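Can you build the whole structure from these sequences, using the hints too?
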Amino acid sequence: MRRNPALLIGAAMVALVVVFALISAVWTPYNPTEVTPGRLLPPSTAHLMGTDGFGQDIASRVLVGARSCLLVGVVAVGIGALLGVPLGVTAAVNQHSWLGTVIMRATDIVYAFPALLLAIILAAARGSGSTVTAMTAIGIASIPAFARVSRGAALQVLSQDYIIAARSAGTTPGGIAWRHVLPNITPVVLVQASVSFGLAILAEAALSYLGLGTPPTTPTWGRMIYESQPYLYTNLNLALWPGLFIAIAVLGFNLLGDGLRELVDPTLQDVR
Amino acid sequence: MTDDLLTIDDLSVRFPGNRHPAVDRISLRIGRGERVGLIGESGSGKSVTALAVMGLLADNAKTTGSIRWQGDELLGMHDAQYSRLRGEQISMVFQEPMTALDPTMRTGRQVAEVLRLHGGAPAGEARSRVLQTLAKVGIGDPQRVADSFPYQLSGGQRQRVLIAMALINTPDLLICDEPTTALDVTVQARVLELLQGGLDLAGSALLFISHDLAVVSQMVDRIAVIYEGRIVESGTRSQILNAPQHPYTAGLIATADLANVPAGGRLPVLDDFWKRTDRGH
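So the sequences go chain by chain: Z and R.
Note that the working numbering numbers the first sequence so that position 73 is 242, with each residue one more than the last.
Note that the working numbering numbers the second sequence so that position 229 is 241, with each residue one more than the last.
Be careful, since some hints might not be right.
[To be verified] Heads up, incomplete: computed chain Z residues facing chain R, CB under 7 Å, no partners named:
1) ALA181
2) PHE282
3) SER328
4) ILE333
5) ALA334
6) ARG336
7) ALA338
Everything labelled a hint here was simulated from the structure, so no lab data went into it.
None of the values given here were measured: they were computed from a predicted structure.
Positions of the beta carbon are idealized from the N, C-alpha and C atoms, including for glycine.
Below is the structure:
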């Protein structure tokens with residue numbers, strides 16, 4: 170961990186978001202969805218980040234927003250990893266057969282499909298946008314990244330001596346994939362998960378901004394920016410806070426991913 | 013003939029893009045309990061032969077001829093069926109102990125895997141069988157070694173673990189591909205000794221692959237010399253060592269004899285005995 174500032178700074182930023190989410194579960198300064206007459210107040214000791222156009226406390230909404238940001242990240246990355254990693258490993262194990270080719274071409278097609286478009290289609294199919302459609306769309310869109318990364322890592326693992334040794338001991342292809350390939354590609358998958366987490370948060374903010382994500386009753390950072398739009402020239406305060414925390418969360422997960430990558434990949438350590 | 017455990021007939025292996033076959037019409041027989049050495053230099057096709065017997069050649073290798081195991085053809089056998097054979101009836105020890113163990117798995121579990129794969133022992137007994145086998149291959153503190161990850165063990169210890177994995181199911185045939193090349197000479201002698209002991213206990217036949225004539229002659233009854241994918245000579249150990257017929261074999265034996273080299277003198281090389289330019293097998 171020596172001389173790996175990316176890892177430390179990234180972890181600290183991610184920790185901040187996690188702490189926000191945990192605090193909001195037990196306490197917020199005000200009810201985050203309570204409409205009060207005190208509209209558009211500037212930051213003060215009573216309202217640390219001021220209030221928005223409905224008189225709702227921005228600090229409370231930022232705290233609660235951390236929760237949905239993490240929820241979306243966890244579920245989207247979960248969908249991406251749970252489907253993408255097995256697909257990638259299967260493609261690697263069946264590298265020379267039609268199955269491997271079909272899997273990778275199929276993920277290429279998904280790769281070419283923007284998450285936004287997918288979210289619009291899902292929202293249209295279900296009648297309206299919701300947290301679930303947003304999470305599903307982002308999750309599906311992140312499958313190709315996981316599939317590609319785990320296929321590459323699995324191919325590298327499959328060329329190792331211990332794989333031939335395991336096969337010579339009678340391990341079946343399925344056993345090789347489950348017992349030897351998966352544990353050995355875990356570090357690489359973790360790095361990808363961290364990077365995808367950042368992308369998922371950004372995508373969720375974009376979807377909420379477009380009204381395709383979380384419904385208005387649940388505060389999210391993307392939605393807060395959307396609602397701040399009429400006041401952008403008069404009260405920058407409204408967009409500043411959610412924007413700042415989106416930036417912190419995304420940057421944090423990206424730095425964490427970079428730091429982990431450096432920790433995992435010994436060839437990068439020599440470069441620095 | 014029917015006593016043969018392994019019968020290789022006219023085996024050829026080609027890799028796409030290579031003009032010459034890696035293995036060229038090799039025939040070899042190994043009887044029950046028999047110990048056979050396959051000797052040759054790097055790239056002579058000895059490891060490819062071993063992998064062909066195990067059915068572990070890369071997918072793009074083109075194999076022709078026949079490899080029969082107790083009468084059953086192995087070439088083209090379905091992989092699931094082959095998997096049951098590997099590790100149970102035929103097992104293999106590899107050259108590189110540093111990379112032949114999965115770095116993410118404790119060694120004890122890796123040895124137990126081989127047992128589990130072939131339904132060897134009920135869950136409760138597996139651990140004690142593993143510790144017993146580790147002790148048999150000369151590991152002083154099997155408990156600690158079983159609970160270690162491979163990176164915590166020395167090369168000699170890892171090679172012993174690999175031998176334990178290969179012998180735990182008492183296979184009919186053990187294939188050793190340069191098992192001591194990566195070890196230093198003192199450890200090498202000890203490992204060979206343990207291998208001998210293990211084979212005696214299991215009653216297994218042996219196919220011992222090496223470039224080192226001294227090591228091979230210590231382990232086997234019969235020797236086949238392989239050069240550029242072909243077996244140029246084969247016979248009993250004393251035939252090969254005392255009356256080599258092929259100049260390549262004679263050269264191998266002469267280069268191994270260092271007693272007559274003057275101090276500070278140049279070591280003999282194969283080309284001193286056999287000009288490769290005029291070879292014509």
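> Honestly, which of those hints from before does the structure not fit?
Replying inline: 1, 2, 3
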